[in-house]
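The whole structure should be built from the sequences, with the hints applied where relevant.
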Amino acid sequence: MPTILDKVKTLRKGKRDDGTFANLEEIINDLLEDRTRLIGVANAYKTELVSQNLTSGDIGYITDTLIPALRRLIGEPSALGEGVDESEVGTSPQGEMLDKLEELLSPEMIKVAQLLGFNFREAIGRPLTELTRRAVLARAAPEGSAKEEIAALHIRRETRMADLALDEAAYERYFKLFGQTAP
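Start counting the sequence shown at 908; every next residue gets the next number (this note's numbering).
Hints are computed from structural coordinates only; laboratory data are not their basis.
Ideal placement from N, C-alpha and C gives every residue a C-beta, glycine not left out.
Do not rely on the hints blindly, as some may be mistaken.
DEER-style ranges, computed between Cβ atoms [as the list claims (entries may be wrong)]:
#, residue 1, residue 2, range
1, E1029, I1062, 42 to 52 Å
2, L956, K916, 31 to 41 Å
3, T970, R1046, 29 to 39 Å
4, P1000, M1068, 48 to 58 Å
5, S958, R1063, 53 to 63 Å
6, Q1001, F1025, 23 to 33 Å
7, L1023, T954, 55 to 65 Å
8, R944, K1007, 42 to 52 Å
9, A1020, R1063, 52 to 62 Å
10, V957, E1015, 13 to 23 Å
11, R1063, L1084, 11 to 21 Å
As structure tokens, then:
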């Protein structure tokens, strides 16, 4: 397929007639198609970039919410508010780690990291989502194992009842427990 530049060179060498105009029209249509394709690609890249980058509002919300929540979670005095002695703030190893994490999660550092190509949603969001999913699944007993456990308990009860029936004194005590006499 000849390139647009080749077509233009050919037209310059030839006579100018109706064929020339038709060829020029074809070149213009090809250029418009290329432009449309390029705009589509650019929009796709822009959408992808926007979906990966955190906005200033997102960054502010994360930094204003995450660190205080982590401080409350570990029970650090600075997060508890009342009656906090300034000498106690940030003295625990966890508190010192949170101070460093707070510096890393500052809006300026997040912007710099994003400019360098770091994708917070991919690096932190997906693993955190997967970790949460695994924690929920670990807490929920699989349906099959619950049925097996119930069956095992049923067999255990039947075995105990058979043992009870074989021991005459235990058998009488069992019936007395329910206010009945043994048959």
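Evaluation of the provided hints:
1. E1029 to I1062: 42 to 52 Å: holds (50 Å)
2. L956 to K916: 31 to 41 Å: Cβ of L956 to Cβ of K916: about 38 Å, so the range 31 to 41 Å holds.
3. T970 to R1046: 29 to 39 Å: holds (30 Å)
4. P1000 to M1068: 48 to 58 Å: holds (56 Å)
5. S958 to R1063: 53 to 63 Å: At roughly 55 Å between Cβ atoms, R1063 and S958 fall inside 53 to 63 Å, so the hint holds.
6. Q1001 to F1025: 23 to 33 Å: holds (25 Å)
7. L1023 to T954: 55 to 65 Å: violated (21 Å)
8. R944 to K1007: 42 to 52 Å: holds (47 Å)
9. A1020 to R1063: 52 to 62 Å: Holds - the Cβ-Cβ distance for A1020 and R1063, about 58 Å, lies within 52 to 62 Å.
10. V957 to E1015: 13 to 23 Å: For V957 and E1015 the Cβ distance comes to about 20 Å; the hint holds.
11. R1063 to L1084: 11 to 21 Å: holds (19 Å)
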